Amino acid sequence: MPGAGQSALVTRLPALLMIPPAGAKRAERWMAEGRLAAASDLVRALAQSEGIGPIYLLAAEAEDRRHLQGLGAIAWDGPDGPFHFGRALAAFAESTGAEALAYFGGASAPLLAPALADEACDRLRRGRGP
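If you're matching positions, the sequence shown starts at 9 in the numbering used here and goes up one per residue.
It is worth saying that the hints were derived from the structure and are not from the lab. None of the hints are false.
The following label-pair restraints were derived from C-beta to C-beta distances:
1) Ala68 x Leu119: 20 to 26 angstroms
2) Asp49 x Arg134: 27 to 33 angstroms
3) Pro122 x Met39: 22 to 28 angstroms
4) Pro87 x Ala123: 32 to 38 angstroms
This one's a predicted model, so the numbers in the text were calculated from it and none came from an experiment. Quick reminder that beta carbons are idealized off the backbone N, C-alpha and C, glycines included.
Construct all of the structure, not just a fragment, from the sequences and the given hints.
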């Protein structure tokens with residue numbers, strides 16, 4: 009519960025996971041397979057967090073989208089036109105109406121544990137920032 013003069017900014021952070029195109033070359037496909045495995049771990053970890061949710065997904069490849077939706081991610085189409093990171097992130101923030109959100113790239117799973125996500129959300133709730 010916030011102290012005097014503080015407001016609860018967030019109860020749960022909506023999360024956006026962005027997965028880029030796989031690429032056509034063999035090495036690019038290998039990287040894409042590793043990225044999808046890491047993204048799968050990330051969706052599972054975020055699902056365990058009390059402070060994160062729902063988990064949205066912007067994936068360039070239909071196969072990645074289907075796989076991660078099977079783990080509980082919600083497909084989000086993003087804005088029209090060619091991909092632009094800033095425009096996609098701004099459109100997501102606007103579409104959710106959230107004052108705060110979490111963004112992850114597909115290979116960020118090794119960097120986040122559910123407890124760390126919960127701590128970040130708790131700090132936002134107490135008005136201390138991320």
